[in-house]
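Student: From first to last, the protein sequence lines stand for chains A and B. Numbered per our numbering, the first sequence spans residues 17 to 483. Numbered per our numbering, the second sequence spans residues 17 to 483.
There may be inaccurate statements among the hints.
Just so you know, same-sequence chains aren't split out, so a pair can sit in one copy or run between any two.
Claimed, not checked - Listed below are the simulated DMTMM-like cross-link pairs for lysine to aspartate or glutamate, each with C-alpha atoms no more than 25 angstroms apart in a straight line:
(1) Lys331 to Asp128
(2) Lys65 to Asp35
(3) Lys113 to Asp135
(4) Lys156 to Glu309
(5) Lys331 to Glu26
(6) Lys156 to Asp314
(7) Lys113 to Glu79
(8) Lys30 to Asp336
(9) Lys331 to Glu181
(10) Lys273 to Glu181
(11) Lys113 to Asp472
(12) Lys430 to Glu269
(13) Lys271 to Asp230
(14) Lys65 to Glu87
(15) Lys30 to Asp135
Because the hints were derived from the structure by calculation, they are not lab data.
2 protein chains.
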Amino acid sequence: MTKLVASLTEAIQKCGLKDHMTISFHHHLRNGDYVLNSVLDAVRSLGIKDLTVNASSLFDVHEPLLQHIQEGTVGGIETDYMGKAVGEGISHGILAKPVVFRTHGGRPASIDTGRSHIDVAFIAASQADEQGNCTGKYGKSACGALGYAMSDAAHADKVVVVTDELVPYPLGGFSIPETEVDYVVQVEAIGDPKGIVSGTTRITRDPVGLRMADMAVKVIRASGLLRDGFSFQTGAGGASLAAAVFLKDLMVEKKIKGSFVMGGITGYLVDMLEAGCFQNILDVQCFDLKAVESLAHDPRHVEVSASHYASPLAKSSIVDSLDAVILGATQVDVDFNVNVHTNSQGVIMGGSGGHSDAAAGAKLAMIVAPLSRARMPLIVDRVQTISTPGKSIDVILTQRGIAVNPQRGDLLSKFKQAGLPVRSIQELKDMAEQINGIPQPLQTGDRVVAKVEYRDGTVIDEIRNVL
Amino acid sequence: MTKLVASLTEAIQKCGLKDHMTISFHHHLRNGDYVLNSVLDAVRSLGIKDLTVNASSLFDVHEPLLQHIQEGTVGGIETDYMGKAVGEGISHGILAKPVVFRTHGGRPASIDTGRSHIDVAFIAASQADEQGNCTGKYGKSACGALGYAMSDAAHADKVVVVTDELVPYPLGGFSIPETEVDYVVQVEAIGDPKGIVSGTTRITRDPVGLRMADMAVKVIRASGLLRDGFSFQTGAGGASLAAAVFLKDLMVEKKIKGSFVMGGITGYLVDMLEAGCFQNILDVQCFDLKAVESLAHDPRHVEVSASHYASPLAKSSIVDSLDAVILGATQVDVDFNVNVHTNSQGVIMGGSGGHSDAAAGAKLAMIVAPLSRARMPLIVDRVQTISTPGKSIDVILTQRGIAVNPQRGDLLSKFKQAGLPVRSIQELKDMAEQINGIPQPLQTGDRVVAKVEYRDGTVIDEIRNVL
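If we strip away everything but chain A, and leave its shape as in the complex, we get (with noise of 0.2 angstroms):
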């Protein structure tokens, strides 16, 4: 009657797992993560070759993949997100197959429509009972939300959870229930604690951030979304982390009372819950411990879906109710596509994760970036990878001014009514290309290394290999 095995490897046989079949793993454990590496040890000792590795994203912890590929045991990886570890390999050619770009929102649209079919999904939770109830909330190794496991638990033919905490029957506050689930694990460690979450992540003592930060809020602010019920993303870049901040203490100091906060959590958002900020947290993933906490113990902190965060195929998703996000950019161009893929060596160092998909849904989708990084400006024009189409952002916003997307002329009034700095994009562009010159365009291979998906899953670049 137990679902619990000896081994990761018999889990596998129990699976049925052969050649050329799809594994998924998710990436709430981040740079921490133990269990892809480990799962793959296990399959390259059985001997089965050209497994699909379907990862939500893969962190540099999984640098190992690329002596997988080299033997043979990985022949395709699709995934949201990609380090630069394994970014490097796969922009060297290292992988025969492109790899699949997907988004936070479209990977999970594209498992629970069928069109990505997983045979083995493998969910790392930090809880577990020996029917497979399972968590990440709790636990040595909690890391918080399970939301990019959802769809994988739901559709994998096979499901394995691998836990380092088997508790007695039943886990009350489970994220994905036995239902879904064939087999349990017990290791002892799923994770290093050190890389699945940081004590807190730190704002920026930058005071080029710090001034970004503070007129991404008066640019919010000046959008007239600013009011109650009001919902926001960030991320957990130390400029985004600085404007959550600030908005904090205007929000408080308005007395607006916000609808909610979502996408990947930190403390930073929890603090603003607490303040009143907000009336909920919609949790995909979480970035810290206190993230985890507040998660593990307040109920307005919730946990969702990956699909419920931003599937563009479910009947709505949180996205689709979102006002104001603020996101990052390695790229942007003067048709304001955002690149967050690749570097200035075309080397993969990253990927959409959740970047388009809330910039389709956002009333107001900004990127806050330095006009340049490593002498590199960030306006250029055309960016090297189209992560994020034009027509979803609307402000691109730098320490030397705010650029409005022309289609959004309701905003630039407002802006300028507000005595924004708005610049045109190619005024931002000179400004960039002042300060650091204009880069010699970059020479890259004729192998496509990496196609990438738009949310709805149609294809909007392609990646090629590096010279």
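Here the structure of chain A is known, so what remains is to put chain B in place on it, guided by the hints.
Tutor: The following block gives chain B in isolation, referenced to the frame of chain A:
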């Protein structure tokens, strides 16, 4: 963008509901439900004919169904339970096509696997936001868990949420997410609170019932299952509730820490949770206000789906981990088969609900019922309708003694050792007949008015019309 529509009629039209389609309902509003009748009135006014109504249960409040059948609006019924008001009509052959009876686990299994297709599901929710996130936990018409609606929401082509309390987006404490919802209709009232939940169901004061309850607890104790980790399900009948109270006293006295109590939840089970008898309540349906309150506020009290509760086709369900269940019966036969569908006249006045699911899963499935009711003996040679097959029933307990299924010799010896009044099933039958005489054999008609599906979907019995 909003899913709000002005009326049930508009929702039905937008869903494209047509003749011969299937619509579904859940029964958490019980005998206070207004939604099923309102929807059918709207359907009739639109001239749509020959719908199949798939409802998790039908109560006496749904008697207007009979008129909808006579007028041709409704041409088929699938349900897990049918109160006598509707049952009388069905038993008299009012519906041309046999009713399909399922179990509370078999119904979601059938929906999850696509065997039962639902065109439009109507979800009665005591709170919803305009994107369709909804729950039964809060609001003026709160009914508690929405477990029986979850498979419907996940798999129906179109899903309409009907609510009498629209709250600002997002409803953080959603039971069903917006991802599954097409339309939201606000109505004045989804039900009559007096019919939805009683104050608190009362335990029996009848000495026969109390004697049986006391004996039931002794049986559980003698079975050896009553140790730390013990799990339990019981119904809301007077003797079952009395057994819960006696069991609580014993568990507190013996300091036994059980794992979970499940099924339809009453305040008595909440008392057991609060007394530390159990770690969790796993709740698919609330029977009274105290249960609703507890579900809304105590994180140990967890809402679960009907699939999680009892689906035989899920990878596991909670009934698979159940130790002891106390169940009722209108008739039992010498092969331990149980009838909870038809009364002594052969009229439909019930249904399996979770009866055969819990019986199949539990290590100790015990029927508790008086030896005779209204001069009809409990035990007969052959039950009029097989609701739960005898192979899943371990013990029949009456005020005059207990019979143990011959396949459970292990229990028999334990009970004898404990000095319990063990009798053969034949002996109990003889006692009942001594009191009441041998009932006349029941004459039924030739027409099959209902088919009884076992939880796995196989037909285990047919019900014929009454004369």
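Student: Which numbered conditions among the earlier hints are violated in the structure presented, ordered from lowest to highest?
Tutor: none
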